[in-house]
Amino acid sequence: MQGIQLDLISEARISQMASMEKVRYIIDEVRKGKILVLEKGLNPMEEAKLIEMTMSAIQPDVFSGIEMQSYPSNTDASLLGKLFKKQSNKRLTVIGPANQLKTLKKDRNLISALVSASK
Amino acid sequence: MSMIKRFKLSFSKMFNKLFKKKGACIGIYGPPNAGKTTLSNRILKDWAGSEETMGSVSHIAHETRHAKRRNGITIETNGHTISLDIVDTPGLATKIDFHDFMEQGMSDVESKKRSKEATEGVIEAVKWLDDLDGVILVMDSTENPYTQVNVTVIGNMEARNLPLLIVANKIDLPNADPGVIKEAFPQHPLVPVSALEGVGMDSFYEALAKQFG
Ligand SMILES: Nc1nc2c(ncn2[C@@H]2O[C@H](COP(=O)(O)OP(=O)(O)O)[C@@H](O)[C@H]2O)c(=O)[nH]1
Ligand SMILES: [Mg+2]
Numbered sequence: 117m118q119g120i121q122l123d124l125i126s127e128a129r130i131s132q133m134a135s136m137e138k139v140r141y142i143i144d145e146v147r148k149g150k151i152l153v154l155e156k157g158l159n160p161m162e163e164a165k166l167i168e169m170t171m172s173a174i175q176p177d178v179f180s181g182i183e184m185q186s187y188p189s190n191t192d193a194s195l196l197g198k199l200f201k202k203q204s205n206k207r208l209t210v211i212g213p214a215n216q217l218k219t220l221k222k223d224r225n226l227i228s229a230l231v232s233a234s235k
Numbered sequence: 173m174s175m176i177k178r179f180k181l182s183f184s185k186m187f188n189k190l191f192k193k194k195g196a197c198i199g200i201y202g203p204p205n206a207g208k209t210t211l212s213n214r215i216l217k218d219w220a221g222s223e224e225t226m227g228s229v230s231h232i233a234h235e236t237r238h239a240k241r242r243n244g245i246t247i248e249t250n251g252h253t254i255s256l257d258i259v260d261t262p263g264l265a266t267k268i269d270f271h272d273f274m275e276q277g278m279s280d281v282e283s284k285k286r287s288k289e290a291t292e293g294v295i296e297a298v299k300w301l302d303d304l305d306g307v308i309l310v311m312d313s314t315e316n317p318y319t320q321v322n323v324t325v326i327g328n329m330e331a332r333n334l335p336l337l338i339v340a341n342k343i344d345l346p347n348a349d350p351g352v353i354k355e356a357f358p359q360h361p362l363v364p365v366s367a368l369e370g371v372g373m374d375s376f377y378e379a380l381a382k383q384f385g
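Here the protein sequences come in this chain order: A and B.
Here the numbering used here is used: the first residue of the first sequence is 117, the next is one more, and so on.
Here the numbering used here is used: the first residue of the second sequence is 173, the next is one more, and so on.
Mixed in with the good hints there might be a few duds.
[What the hints assert, rightly or not] Okay, derived cross-link-like pairs now, DSS-like style, lysine-lysine, Cα gap no bigger than 30 Å in a straight line:
hint, chain 1, residue 1, chain 2, residue 2
1, B, 285, A, 218
2, B, 217, A, 218
3, B, 240, B, 288
4, A, 165, B, 285
5, A, 148, B, 288
6, A, 148, B, 299
7, B, 288, A, 165
8, B, 354, A, 156
9, B, 217, B, 382
10, B, 354, B, 288
11, B, 299, B, 240
12, B, 299, B, 217
13, A, 165, A, 150
14, B, 284, A, 165
15, A, 218, A, 150
16, A, 221, A, 148
17, A, 165, B, 299
18, B, 299, A, 218
19, A, 218, A, 156
20, B, 240, A, 165
Keep in mind that the hints were calculated from the coordinates and are not lab data.
Extracted from the complex, chain B is given alone in its bound form (with noise of 0.2 Å):
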């Protein structure tokens, strides 16, 4: 690499750096039900003040089928102050059958229409990944945590060198087990909380402002 090209490199990193306190923008990702919009919505609840959320939560999957953005969320921890944006996905899957949904008791007609809008919104979680500072990896404390949709967010993310923070989400389960998403993903930092019920979540944004700060 010639000189100046690397000067410019290092420029432009730190360009960068000054522009990102500004606020990265910061993608929620993992798969279906993981509790995304969930840890979203607390983020908000704990910040923003105000009633406002993110989205609604469901039980049934694909519930968020449109990213959603919230600039400008300024967080306190330790004495640091750090300000992001945050975009609540609808998360990656590899397929959607709306024969799932017709089981959860929605009509065949109301089943195809979620399934078709689940698969445009896993497109636009897909297309987010370009335009991300970093990412917050959802996953459910109680599943196994080897998949796809796991390899396919944190494989984007290294090869790109952006920084990610892995949420075990769902500790307030009798059978959730941290241990073993720390085990498939050891290379990354990892935060076992309760979106739902707010545990954990001191740890959660110190490790949110040592990452993406």
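Next up, chain A with everything else stripped away, as it sits in the complex (with noise of 0.2 Å):
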């Protein structure tokens, strides 16, 4: 069967990773093809070090960058909330070829995506 691979990754698997671990894992895969859906996202900074070494690894005709959406922290700016920092980020992301994942629709709570099997 032709199609595409699908990885749901538990949050187990993932936060066994250092945070480069965790990168290097996600851009080796999804450079192959693979669409990767972590039940837990990569905190800000992994994001951030993500957008780098993706931007390392893009080469004309052949990777071209990757999609990539998770949704907005739940972050409560008051006074208490940061004391407490109730930020979850028990955060769903989802994770693909730029050519292959296209977002159609995203907010707050719900990721709506269109996977292609052409390049």
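Using the hints, put the two standalone chains together into the complex.
Put into structure tokens, the structure is as follows:
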């Protein structure tokens, strides 16, 4: 059967990895053409690192980067919220090759994406 | 936390506060084509008094491929005077495809060169995040604000406890909807402007002084 591989990665799997391992793993898998769904997303610094490494990996006609979507944080900006760091970083994240994954619609609580088989 | 450590921390905060008066360093971020350079140029036009510009503006993405810093911009608003260093960055992107530049009429060679430089520009913008005192995040009010770039910039500022000001740009366009941006990121201050036409700039400078002054 021809198709696209979709990997659903549990929080347990991801949280075992160091930041650099996570980023490397994501880039390598996405470059193979896989779509990854992470049960627990990256933290903001890891996201920035991933963007940086994605830029280094871009090659004309080989790899044009990633499509990545996660939900905005629910940070409580009030003083109390800040003190108690209510921010939950349990954020579902979907990542795939930019030329195969297109975001159709996105809001606070919904990500709708189109996966295409042809590059 | 020990008393001494706590004292040191609050002392360094105080010190930073004193220091900040001399000009916080503020980065301008956002997706490609949001109007970062247009806004930077507008700030210079309003406060630098000369014909000086920060950089060139284009409808083709990734026109800015190096961060550019302008020190000591003095802004007067509501009786307050603040001095800021402004960094116009190439902004962030998760993908860069040279075909998009070819579609804009650039040659194959030109497009690949621009794309290579654009990737380096994004890396530069990511690295700048470590050296800033705050961020102006520019968004195009006609576009969906729920993009990874916006989420990542906001997340990085929140994690560092640094101030952020969202600019909902391009409100001169008929389909602009700054309300959608407010809904997406309700925890941060937002000012609707048209950097191109200079609409909403007074409120922008007031918000700037409030956030970074
Ligand atoms: N209609 C409208 N267009 C704008 C506005 N600000 C910028 N633009 C246009 O958007 C495009 C990208 O602007 P630029 O400043 O280069 O964006 P940057 O990539 O974020 O630096 C250019 O064609 C600008 O003329 C605005 O307030 N209104
Ligand atoms: Mg620019």
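Against the structure, the hints:
The hinted pair formed by residue 285 of chain B and residue 218 of chain A meets the criterion: a straight-line CA distance of about 25 Å does not exceed 30 Å. For the hint linking residue 217 of chain B to residue 218 of chain A, the alpha-carbon distance of about 39 Å lies beyond 30 Å, and the restraint is violated. With a C-alpha separation of about 18 Å, the suggested pairing of residue 240 of chain B with residue 288 of chain B holds against the 30 Å cut-off. Between the alpha carbons of residue 165 of chain A and residue 285 of chain B the distance comes to roughly 23 Å, so the proposed pair stays at or under 30 Å and holds.
Only pairs whose Cα atoms come within 30 Å are accepted, and residue 148 of chain A paired with residue 288 of chain B is accepted, the gap being roughly 21 Å. For the proposed pair residue 148 of chain A and residue 299 of chain B, the alpha carbon gap of about 27 Å is at most 30 Å, so the pair holds. With a CA separation close to 18 Å, the supplied pair residue 288 of chain B and residue 165 of chain A stays within the 30 Å bound. Restraint check for residue 354 of chain B and residue 156 of chain A: the C-alpha separation of about 25 Å stays at or below 30 Å, so the hint holds.
The straight-line distance between the Cα atoms of residue 217 of chain B and residue 382 of chain B is roughly 21 Å, inside the 30 Å bound, and the hint therefore holds. For the hint pairing residue 354 of chain B with residue 288 of chain B, the CA-to-CA distance comes to about 34 Å; that exceeds 30 Å, so the pair is violated. Pair hint residue 299 of chain B plus residue 240 of chain B holds up; C-alpha atoms about 13 Å apart against a cutoff of 30 Å. Simply put, residue 299 of chain B and residue 217 of chain B have alpha-carbon atoms about 27 Å apart, close enough for the 30 Å limit, and the pair holds.
Note on residue 165 of chain A and residue 150 of chain A: the hinted pairing holds, with a Cα-Cα distance of about 20 Å set against a maximum of 30 Å. A distance of roughly 23 Å separates the Cα atoms of residue 284 of chain B and residue 165 of chain A; the hinted pair therefore holds under the 30 Å criterion. Taking the CA atoms of residue 218 of chain A and residue 150 of chain A, the gap is near 14 Å; set against the 30 Å cutoff, the hint holds. Pair hint residue 221 of chain A plus residue 148 of chain A holds up; C-alpha atoms about 25 Å apart against a cutoff of 30 Å.
In summary, the hint linking residue 165 of chain A to residue 299 of chain B is supported, as the alpha carbons are separated by about 9 Å, within the 30 Å threshold. Restraint check for residue 299 of chain B and residue 218 of chain A: the C-alpha separation of about 27 Å stays at or below 30 Å, so the hint holds. Taking the CA atoms of residue 218 of chain A and residue 156 of chain A, the gap is about 21 Å. The hint holds against a cut of 30 Å. Between the alpha carbons of residue 240 of chain B and residue 165 of chain A the distance comes to roughly 22 Å, so the proposed pair stays at or under 30 Å and holds.
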